[in-house]
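Sequences and hints are given; from them, build the entire structure.
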Amino acid sequence: MEFHETTLENGLKVIAELNSAAQSVAAGVFVRTGSRDETEDVSGVSHFLEHMAFKGNEVYSADDVNRIFDELGANYNASTSEEVTQFYAAILPEHLPTALEMLTALLYPSLRGDDFEMEKKVILEEIGMYDDQPTFTAYEQVMQAHFPTHPLGRKILGTSDSVSALTADAMRQYHTDHYRTGNMVLAIAGRGDWGEVCDLVQAHCGSFPEGRTKRDTSPPPVGGQTQVVERPASLQQHVMQLAPAPPADHPLRYAADLLGVIVGDHSSSRLYWELVDPGHAESADLGYNDYDGTGTWLTYLGCPPQAVAENLQRIHAVYEQVNRDGVSSIELEQAQNRIASSIVLRSERPMGRLGALGSNWVYLGQYRSVEEDLDTVRGITVEDMTELLAEYPLAAVSTAAVGPLASL
Amino acid sequence: MSQTAIIHTLANGLTLIIEPMRDVRSAAFSFLVPAGSVHDPAGQNGTAAILSDLMLRGAGSLDSRQLTATLDNLGLQRGESVGVKHLGFSGATVADRLPEALTVYGDILKNPHLPPDQFDASRDGLEMTLHAMQDEPRQRLMVELRRHCFPSPWGTPTYGQLEQLPEISSESVGDHFRQLVRPNAAILGVAGGIDPVEVLAVVEEAFGDWEPLPETAFETGVQAHVVEHIHHDSTQTHIGIAYDAVPYRHEDYYTAWAAVGVLSGGMSSRLFTEVRERRGLCYAISAVLNSLPHHARVLAYAGTTSERAQETLDVTLEEIRRVAEGIEPGELERCQSRAKSSLIMEQESTIARAGAIARDWFHLGRITTLEEVRGKIEALTVETVLEYIHAHPAEDFTVVTIGPEPLDLDTQQE
Numbered sequence: 001m002e003f004h005e006t007t008l009e010n011g012l013k014v015i016a017e018l019n020s021a022a023q024s025v026a027a028g029v030f031v032r033t034g035s036r037d038e039t040e041d042v043s044g045v046s047h048f049l050e051h052m053a054f055k056g057n058e059v060y061s062a063d064d065v066n067r068i069f070d071e072l073g074a075n076y077n078a079s080t081s082e083e084v085t086q087f088y089a090a091i092l093p094e095h096l097p098t099a100l101e102m103l104t105a106l107l108y109p110s111l112r113g114d115d116f117e118m119e120k121k122v123i124l125e126e127i128g129m130y131d132d133q134p135t136f137t138a139y140e141q142v143m144q145a146h147f148p149t150h151p152l153g154r155k156i157l158g159t160s161d162s163v164s165a166l167t168a169d170a171m172r173q174y175h176t177d178h179y180r181t182g183n184m185v186l187a188i189a190g191r192g193d194w195g196e197v198c199d200l201v202q203a204h205c206g207s208f209p210e211g212r213t214k215r216d217t218s219p220p221p222v223g224g225q226t227q228v229v230e231r232p233a234s235l236q237q238h239v240m241q242l243a244p245a246p247p248a249d250h251p252l253r254y255a256a257d258l259l260g261v262i263v264g265d266h267s268s269s270r271l272y273w274e275l276v277d278p279g280h281a282e283s284a285d286l287g288y289n290d291y292d293g294t295g296t297w298l299t300y301l302g303c304p305p306q307a308v309a310e311n312l313q314r315i316h317a318v319y320e321q322v323n324r325d326g327v328s329s330i331e332l333e334q335a336q337n338r339i340a341s342s343i344v345l346r347s348e349r350p351m352g353r354l355g356a357l358g359s360n361w362v363y364l365g366q367y368r369s370v371e372e373d374l375d376t377v378r379g380i381t382v383e384d385m386t387e388l389l390a391e392y393p394l395a396a397v398s399t400a401a402v403g404p405l406a407s408l
Numbered sequence: 409m410s411q412t413a414i415i416h417t418l419a420n421g422l423t424l425i426i427e428p429m430r431d432v433r434s435a436a437f438s439f440l441v442p443a444g445s446v447h448d449p450a451g452q453n454g455t456a457a458i459l460s461d462l463m464l465r466g467a468g469s470l471d472s473r474q475l476t477a478t479l480d481n482l483g484l485q486r487g488e489s490v491g492v493k494h495l496g497f498s499g500a501t502v503a504d505r506l507p508e509a510l511t512v513y514g515d516i517l518k519n520p521h522l523p524p525d526q527f528d529a530s531r532d533g534l535e536m537t538l539h540a541m542q543d544e545p546r547q548r549l550m551v552e553l554r555r556h557c558f559p560s561p562w563g564t565p566t567y568g569q570l571e572q573l574p575e576i577s578s579e580s581v582g583d584h585f586r587q588l589v590r591p592n593a594a595i596l597g598v599a600g601g602i603d604p605v606e607v608l609a610v611v612e613e614a615f616g617d618w619e620p621l622p623e624t625a626f627e628t629g630v631q632a633h634v635v636e637h638i639h640h641d642s643t644q645t646h647i648g649i650a651y652d653a654v655p656y657r658h659e660d661y662y663t664a665w666a667a668v669g670v671l672s673g674g675m676s677s678r679l680f681t682e683v684r685e686r687r688g689l690c691y692a693i694s695a696v697l698n699s700l701p702h703h704a705r706v707l708a709y710a711g712t713t714s715e716r717a718q719e720t721l722d723v724t725l726e727e728i729r730r731v732a733e734g735i736e737p738g739e740l741e742r743c744q745s746r747a748k749s750s751l752i753m754e755q756e757s758t759i760a761r762a763g764a765i766a767r768d769w770f771h772l773g774r775i776t777t778l779e780e781v782r783g784k785i786e787a788l789t790v791e792t793v794l795e796y797i798h799a800h801p802a803e804d805f806t807v808v809t810i811g812p813e814p815l816d817l818d819t820q821q822e
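Chains as they are written, first to last, in the numbering used here: chain R, 1 to 408; chain U, 409 to 822.
Every clue listed holds true.
Not the full set, but computed from the structure, chain U residues with beta-carbon under 7 Å of chain R:
| # | residue |
| --- | --- |
| 1 | 476 |
| 2 | 537 |
| 3 | 540 |
| 4 | 542 |
| 5 | 641 |
| 6 | 674 |
| 7 | 688 |
| 8 | 712 |
| 9 | 742 |
| 10 | 749 |
These are computed hints drawn from the structure, not numbers from a lab.
The C-beta atom is built at its ideal place from N, Cα and C for all residues, glycine as well.
See below:
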């Protein structure tokens, strides 16, 4: 594994972890823009833009874009989160030049008005699709309950109303403002030649506009609200709860991942043994989500409506005990082994490494090798876990419920 | 697709396939045990699913918690699945821990405790899973579509049916284990950075004394091509369409695969382009070739808001039928490119390889080589694909919809 980095004159950061033993190569552009960077009147625009990227530019039509990627046999797509929009493709090494040209073409689409109106219909269907998935609804609701006055609380897709009202001009303005080199990193993982990568990037990205948008990363106020979406015909109740956890650049973020495994992994954890193994709940998970400047403990409970109250008590009894007594060295070691093997497995595929490369750069501005990640995970002590729990105790500050119950 | 797979059948009938891989630190296994839902006793659909859960609740000298702790300590990323034909047990971890994990699975498969005092918890868990699936129209749709488009019992819901759960008992689950979980007809695929000699020795030691059982027989029933609507107050109407194709073991399988690839391969394929990109009718649309040992179906899905659902169904069916009128050379070439690149990328994943060699053995009784598959893909022509489509036309559709309103199926063109 060799790490390389360079910065083009226009400020575009290019990073690569090249591995001559790999059989494929993955390339991605990570743009530091997502729903938290939107104002309420353009809610959903970052995600909508991600769709419009595939509609082509002055050189390539929409049909060309998909056809060319498919001709390469590429495994390609894009995604949008609260904070990052990413475009990626995994290809055989000989197709890297064309794949890079196409990926960079995605970033500056023409944003034609008729394409915009057609794709709006697709986005409204996507909103409808998630509406039929209760866990997705619960997640959107609990983010809103937790960050009621902060853009992190808004829906990534926007609402049917906000998307319907969005104009192509507003999207063009948002694109001009955010798709600037200071907000991007282009990352490559797998088999490739660094000299060739540099030449290709210079050729395709040298004219990207400079600049960087400012994001307010001061910790947002936490709402502590409860939102209930009543669906009387449903059989299962879904409850999600949030509480503050370390932000993405916090030194204890790896400890937070480990705590999530120890307390809330879905196949064996404190919550599993207390709720799932005895058949009280279908799911009782704890996860750790990190963002710029903040983080959340996400509790998820899925169970029959009549069992919700008792199960929430069980969960909070587990949390109280963990907050009070910490975790054991045996539990910690098991979790370290599990996370270490998942890091090894994920990193064996260029596509798996690409995500880690990109997000480390976006959030930390640094490269971390697989070995560094493994050493960090193995180096975490029971005392680190105690420190984490003192600063970010497990709790349920904000709540959302979707299912038959009218109230919690 | 391996050049190096080592195949060994133990005296008791267990087939072990080992594929050493270069440049990987991990190793993975995939166990297929012939005790899937197709064998659920009549009126007790869900038996295999409960058995799969109970088998991990203690085995050999370890109780439930000790067993899980042992697997966790090995860093094992594990999964249990209930298939139509098989119970699946899979896992992956760093390569030097794999032998120890296989030893533990010897106990899970041969000597599970199946604790009667945990039966209720297991059945309650399954009931909740079925409730959650019932609430998600897309998941429910695919279960119903499979149930209707395959002849019984091949379409039996793998996770059971709510109304039949009360009929299942701890004893019937125990019987299912004693009659079906056996080394003969079981398959273990292992792939990764392992020493085959060591793996072979470990497997002999862990599974060599596993007693074979007689084969079980069941009758395959008939299949009716149905059109069904299930009422659900959902935002979208979820549409499932199925029609016949040839199974993995058939000589025309790759041709059938290409015929589906033209419809729904990458984002330049017909359904995505015509239904989503040109008309904006849906976000999710797909068609896949789903193969059982002797039956295969193309399963297509589209989700769309109800007022546009009729148009979505009509356009989707029209596109499915229209492939028979002709295929552009470029459409086939794109399918071939995607197949060739995914063949190579699969070689980078120990989990994918372990699963592929076990599946190959089940369907074909041998392991395909990379060259063989590549050769078959390259040999496809527009003419052979069209010939296949004309010999196996998309007709006699099974159509299931879930949503607020039923749709009309245009039967005149059938």
